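**Q** Protein chains in written order, with my numbering: chain A, 1 to 417; chain B, 1001 to 1283.
Keep in mind that the hints were calculated from the coordinates and are not lab data. These numbers were taken from a predicted model, which means no experiment stands behind them. Not one of these hints is a red herring.
Quick list of the computed label-pair ranges, beta carbon to beta carbon: (1) A/K234 - B/A1266: 45 to 51 Å; (2) B/A1022 - A/D121: 43 to 49 Å; (3) B/A1022 - A/D223: 47 to 53 Å; (4) A/A41 - B/D1144: 41 to 47 Å; (5) A/E68 - B/A1011: 31 to 37 Å; (6) A/D344 - B/A1103: 57 to 63 Å.
Cβ coordinates follow ideal geometry from the N, Cα and C atoms, glycine included.
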Amino acid sequence: MRLSFKITALTAALSASVSGHAFAAESVEVLHWWTSGGEAAAVGVLKDDLQKKGVSWQDMPVAGGGGEAATTTLKARVAAGNPPTAAQLLGMAVNEWSEQGLLGDLTSVAQKEGWDKVVPDQIKQFAVHDGKWQAVPVNIHRPNWLWINAKVFKDNGLEPPKTWDEFNAVAEKLKAKGITPLAHGGQPWQDTTIFDDVVLGLGGPEFYKKAIIELDETALGSDTMVKVFDQMRKIRGYVDPNFSGRDWNLATGMVLKGDAAMQLMGDWAKGEIVKAGMKPGVDILCVTAPGTEGSFLFNTDFLAMFPVGADKVDAQTKLASSVMSPEFQQAFNLVKGSIPARSDVPGDKFDACAQKSMADLKTAEKAGTLMGSLAHGHAEPASIQRAIFDVVTQHINSDMSSKDAVSALISSIQAAK
Amino acid sequence: MPAIVLSPSLAVITVCVYGFIAYTALLSFTGSKMFANFTFVGWRQYGRLFENPRWITAIENMAIFGCLYIIGATCLGLFIAILIDQRIRFEGVFRAVFLYPMALSFVVTGVIWQWLLNPGLGLEHMMRELGWDSFSFQWLIEPDRAIYTIVIAGVWQVTGFVMALLLAGLRGVDTEILRAARIDGAPIHKVYTRIIIPALRPAFLTVFVIEAHLAIKSYDLVVALTKGGPGVSTELPSTFMYSMTFTRNELAVGAASATVMLVTLASIIIPYLYSELRNEPAT
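Bound conformation, chain B alone (with noise of 0.2 Å):
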């Protein structure tokens, strides 16, 4: 029985996850332009990937926003998740602010930070408006500071999020155990940073997987807000891959960014995952 209920969706994912996984990494060995076609160039599109610029500074760039993106919004989320696991009033409103970023799309997120940030409206308008003249915050314009100002719109995005899978962590944590360190006298910093933390691992995994898989595929975020711009200095793979693709009419170096995209994240996640499955208890 559950086998017959199942066999349907495993036939569409079969077919339209790994079916266009396998075609993409197909066509990406192909010489395709506009449309698909079957004449097989070996590894050439992948060495003209790696020969245009614009690619090396996506990359570049993918470095730089996933790492701060991750650990921004792991440090940000697990502190606020630490100061409102502390009995609290009003717990609740605390918690729905905070997660209320989450429910916005990453468009609408994009368009707010770009009022915010842009020099002429947002920020340095109002404080020199407010009389601070020399007030300068211009890193939305400058092409060697954008690349953060979306670190700042995806970590105010995510940061609830984090805070409210952190916190359920928080609150499963055995309560015996903490009391037993209290009685033993353990001051609070050594508490959370030699129980309470690693206590947490599983909840720390589910978090990277989702900030990893959520930073590698933004692509909404970045050109809402900066539409890769200024020049090509907020590129990343995934706007690459389009502009490739559907632009400029190079479906085979597009593919095969997909594909360097897709191995990147497998060579990271793959093991991680591996070695956390493997550490669990067979139940």
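Chain A extracted, bound-state conformation (with noise of 0.2 Å):
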């Protein structure tokens, strides 16, 4: 076995230094961040499919949560004239990069397989520069979703919160029991990920455009948004006093065992929530976070090309069509919790949760609120992001009024600018 493998192994680089073209040809190299169980399990369809194929896959994963390593190895990669053949990126920073000009094209192969048609408009801005499609979708994902622990709920009667008022009367009677309301771990982008919520549910989806996606100084300072952050300080009050940089994945757990009766996240958390041998949908209820329903804030993965040798084109154009295929979204999707970015995948093998998201996508997409999540990089290039993050955090952590978050808020926008 072992001798086997070696002559395998000399074999291929023998052959890849006789025909070293001919060898790089079918391959691809992919730099991304699905380390965990459910992710590196959602790559291996990638994998398996692009084999069939005869394009060989180098994997190239860096760990961490929302890719801040995985960004950084890219730059230093294509600071050294050696980018991949595609790697991971959040919407924004696919526009980022493209507006450097450091981006590929698919236009070809896009005409040719109709991706136009089939890929939402707001989700397509970020994959389309100038005409060309430079990034594929991978999937959708939705993080205003309020995940309720339906033991919990049933056996303290309660019914599951539509608007923020009802949200704080259910906390406030689980308070009084001694249940924790709402389980959240204190980290810039979760504390974003409910004040994305809020501002949604509080002001509407007119609102959170004007103000999170145009950064409009009147909406920014609107009596709105310091009621915004009025609900931010009763959410505080709702949480277990020792939340302060959890991961959001324990935090899921205290959903699941009981300790706490609601959760804040994106869907990634069905994975937890699978993972505990519980139905997403029946034993954890998901519903629209408070006040946002009709809406659909998204987060979605994509895989930016960058200009390869001609050898490579032809594996890229495989890897781009294997990614954009319904049956690659289908079983990509199952696995990674969130739905496929094409509006034609069937969604009969998906879960409650998942058939309502897909539900609500084409709602909303109809209704022209479907809209890009800032805690998830799809609303404001990163430091404009990162220094609302700033605030939204700083003011969560200390007991800065409602008023002076607004205004730090602003001068923290424009700081960034």
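Put the two chains together into one complex, using the hints given.
**A** See the structure below:
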């Protein structure tokens, strides 16, 4: 076994050195941060798919949720003039890379396979720049979910809250009974995930667009924004005292065990739910975050394509068309917990939460309320996004008044522009 | 011959240390965002830096952390060194015990103290399990106290090393002078304050230089212990520099903060080194 492996390796190495050109033509190198159990399995789906087409897969995983480490590695590779075939990037990051003129072009295969017709416009705007397809969307995550432990709610005779006022009432009742109402991890991106929900829930989709996506100063300085921070202060009172720096999956664990009743988190929480042997939509209810019914915040992973030599274009094209095939989109997202980025994939194999997600996506797309999530890098470039993180997280971790928070928000955004 | 042997390393250091310092300083005057570009904008990035409330927090934290860390570790290290210097039994064992934290990386130290100080897992939890229900120690999660938990972990880590350096210094003090002082009937605390501690001056210089640079570059400890939180309350210049450069695509602001850190450190250490070296007798 060992020996035969060595021989195979040796032959491979030899043939590579002899006919390096032909060997390299059929391999892709993909830099990504899908390293946790479920994510790695999802990557395996893509790997197998490409192997069937005769394209070998050179994995370049860089661990670290949110991809900070991966982006740093990617920058170093590109600065050294050695970019990978493709790299996982979030929406706004695709824009930033594209503005630097560093991405390749997939337009020919996109036209041939008709991607334009199946990808929602709001997601397309991150993948297409100046009429050129430069990245392929892999999935659609929805961050504005409220996860509820069904048993805790049933035992206490509570109904899932539909507005933030109802949420406060439910939380007060739970608190009076000694149950932690909300499981939360105090990390800036998690704080901002809640902030997104509150802005959208209290202000509505038009307000979210004006304040968060357009950074309109009258919207940012409005009374609604003051109310948003008032609500954030209330939410701060519904989490356990030990929330600082907790990872999101530990917070999900609290809901699963019934230590806490609810969590505001994206649908990647489903991975934890399934792993714990519970059923999303039955044991753990998924409802839209209070006040955000009818709107859909999204968070999409893209594989951005880098310019490659002529010998590698074929493999890159195969990778892109694999990612965009309905079969792959279904298989990948079944494992990943998200929903397909193509609107024509049947939903019958997905769980109840994903089916609701797919239906809500269609409604939101028609109503124009499909919007990028700020916390997850689809509303503002990194510098402004992080400036908002700073204010939100500082407000939640201090006794800053809502008025001060609003003015800090405006000045912080201006400083980052 | 020595010139030939030394020249490669000299070339490497010139390029890889001083060259990159110069490059960083140069970048801080450009408008670089995600990648370096060379459109010069003058002092604008420094202005943006000092307008950033997060940078102000980082500087304040640096002052608190730096002072307490250096003073705390030096005093504690000296105290332990004096105790060990009393010709105690099992001296080797004690030395090893105190020196051991230095063998751990800052990341490990950070994680250990994160567990110990976490109210739900560590000290507070243990005390309450033992029956002391009102015991409360929540510095790690209180925004205005969290920086002190970093001081605690940092001092714990470096004290043994300070002790070892000062112990070597103590053993080097001329026993003739001590004997003379004892014959003169000097009380023990005066022997320490008037003779021994002043004689340790070179050892203190070494200790100070090592502690000062550890304090300024401390990054891993903060990342492992608090990740800069709660909020941004334990941000230090090093974590600020990292997040600006690598997660916010503000390369030039990051470079400006790095330059400010270097200039600050140089302005403290160079005069000190200079005055110390000038007093040293020429050999």
